[in-house]
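Undergrad: This is what each chain is made of:
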Amino acid sequence: MSERSARVLTPWEVFIRPRRGLAHQHVGSVHGADADMALANARDLYTRRGETVSVWVVRSDSVHAASPSEKDPFFSNAAHKPYRYPEHYIPLNEESGHDG
Amino acid sequence: MCAGIERPRSDLFICEGTATAAVLDEGVVDGVEQLNAHFEALLAAGEQIEPRDWMPDGYRRMLVRQVSQHAHSEIIGMQPEGSWLTRAPSLHRKASLLAKVQDEAGHGLYLYSAAETLGVSRADLLDALHSGHQRYAATFNHPALTWADTGAIAWLTDGAAVVNQAPLCHTSYGPYARAMRRVCQEEAFHVRQGYDVLWSLCQGTPEQKEMAQDAVNRWWLPAVALMFGPPDTVAGGADDRTAAMGAAVSQRSMAWGIKRHTNDELRQRFVDNVVPQAERMGVTLPDPAIRWNEERGHYDFSPIDWQLFRGALGDGSQCARQRLAHRVAAHEDGAWVREAVDAYAAQLADGELESVELDDEGRRVS
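Heads up: the sequence lines are chains A and B, in that order.
The first sequence: position 35 = 35 (my numbering), numbered continuously.
If you want my numbering, it's the 1-based position in the second sequence plus 1000.
Any given hint could be a false lead.
Stated by the list, open to error - Pulled a few chain A residues facing chain B out of the computed Cβ check, cut under 7 Å:
id	residue
1	Gly21
2	His24
3	Gly28
Unchecked claim - A few chain B positions that, by computed beta-carbon distances, are all more than 12 Å from chain A:
id	residue
4	Ala1044
5	Gln1102
6	Asp1103
7	Leu1109
8	Leu1111
9	Ala1114
10	Ala1123
11	Ala1137
12	Ala1166
13	Ala1179
14	Arg1182
15	Arg1241
16	Ala1248
17	Ala1255
18	Leu1348
What the hints contain is simulated information worked out from the structure, not anything from laboratory work.
Ideal Cβ placement from N, Cα and C applies to all residues, glycine included.
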C-alpha cells in the first residue's frame, strides 16, 4: 500500500456525549482523511439513532496513554492511601464504630 | 510508534492464512512468564483485557480470527436482504429494511474498529476477505428468493445472532465486548421487524402464508446449524469423536473467556426461544423431531451432526461465488472515491489547499 493511499485510512478515536450532563465517552474509531470526514463518518456510524448530543473525533496518534500494568510506578502515588477515603474515619452518625 | 489509547503496543502483521507474529518491545520478552501470569490472573478475576495489555499470541490470533470473521459476516450479511430493498412491498417496509441493512454495515464497522485494536489493519482484513483467506458466516451463502425471506432471515438468523452475541457482551476482550453491546441493542430491532414481516404474511392470503412457510423452511437449517457453529458436545447429539473435535476449539476459547458457552448450549437456547414464536405465528419449523421435553425442560430437536452441518454450508455454490464477487466489485467500484480523498488529503498536507470560509449566503469571504 502506498503512503498516499494510507491517508484515507488515518484512524480517529470517536467520543460521544449520549445525553446532556454526561461526559464524552469513547465509543470506537473511524477512518478519515481529515477531521470533517472523520466527523461525518462518526456521525454515520455511532449516531444512527439520534440520542447523541455531541461528537468529538481525535486523531488516534494524538492520544497519549499510560496503563497501570505498563507503568506501575506512574500510578503508585495512589496506592496504600486509605486516609483518602471516608471509610477510614469514624462514622458521623453512630455511637461508636471505628472498626479499622 | 505513538500509541493511541486504543492502539496496541505491539505491531502485528497478518500473513495469508498463516500464524500472525507479535513483535514485543525489547526487554519485555524476559518477563513473558510473568506477563502471562498477570494476564491469567486478570481473566481469573473476571477482568477484561484491554488493547494495551500484554496478551499471549494465541489469544490475539483467536480474537483477530473471530472478530474479523464476525465483521466480514456483517458486511456480507447485507446482501441477501439488500437485494429486496428496491422491491419492498411498502414505503414503511422499505424504510425499516433500509435501516436494518444500514445497521449491518454499522456492525461490520464497529467490529473492524475493534479488530484494529489488536494491531491489524482494516485494509489487510478486507484483502483477506476478498481473496478468500478469511471466512464469513456461510449462512449468507443462501439466496433470498422471495420477500418473505427478508422476514425469515431477520427473525431466524438475527434471532440466532442475538443468542450468540448476548454472552459476547461480556467477552474477555474489552473492545470486542463494547462493540457487541452496541450490536445487541440494535439486533433486537432486527428480530422484531423480521417477525413482524412474517406475522403480516401469515395474516394474509393463503399464498402469502405459504410464502412465509416456504421461507422459514429454507432458512431454518442455515440458522440452527450454521449460526452456532459445528456440534461440540455429546449432549448436542454429536458422537464422541465429533464432540471432541468441536470441543477442543470451544474449550480453548472458553478458557480465555472469549466464548462463554458451547455451541450446543446456545443452539438449544435458540430453539427454546423460537419454537413458541413459530407456534404463535402459525408457521411450522421444518424439523419433525421438535417437541417439548418435560424432563429436560427444553425442546428436543434433530441433532446437528457434521453431515447435516456440511450439507448446509453451501460451499462453492453459485450463490457463494456471487456474494464474494459482489463484495469485491463494490470495493473496486469505490476505488475512485478513496483516490480522490487521498489526493485531497495530500494537497491539504502540502498546503496547496487553503480552507475556504463562506458567509451565510455561500459567498467566499476574503
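Undergrad: Looking at the structure, which of the earlier hints fail to hold?
TA: Hints 1, 2, 5, 6, 7, 8, 9, 10, 13, 14, 18 not satisfied by this model.
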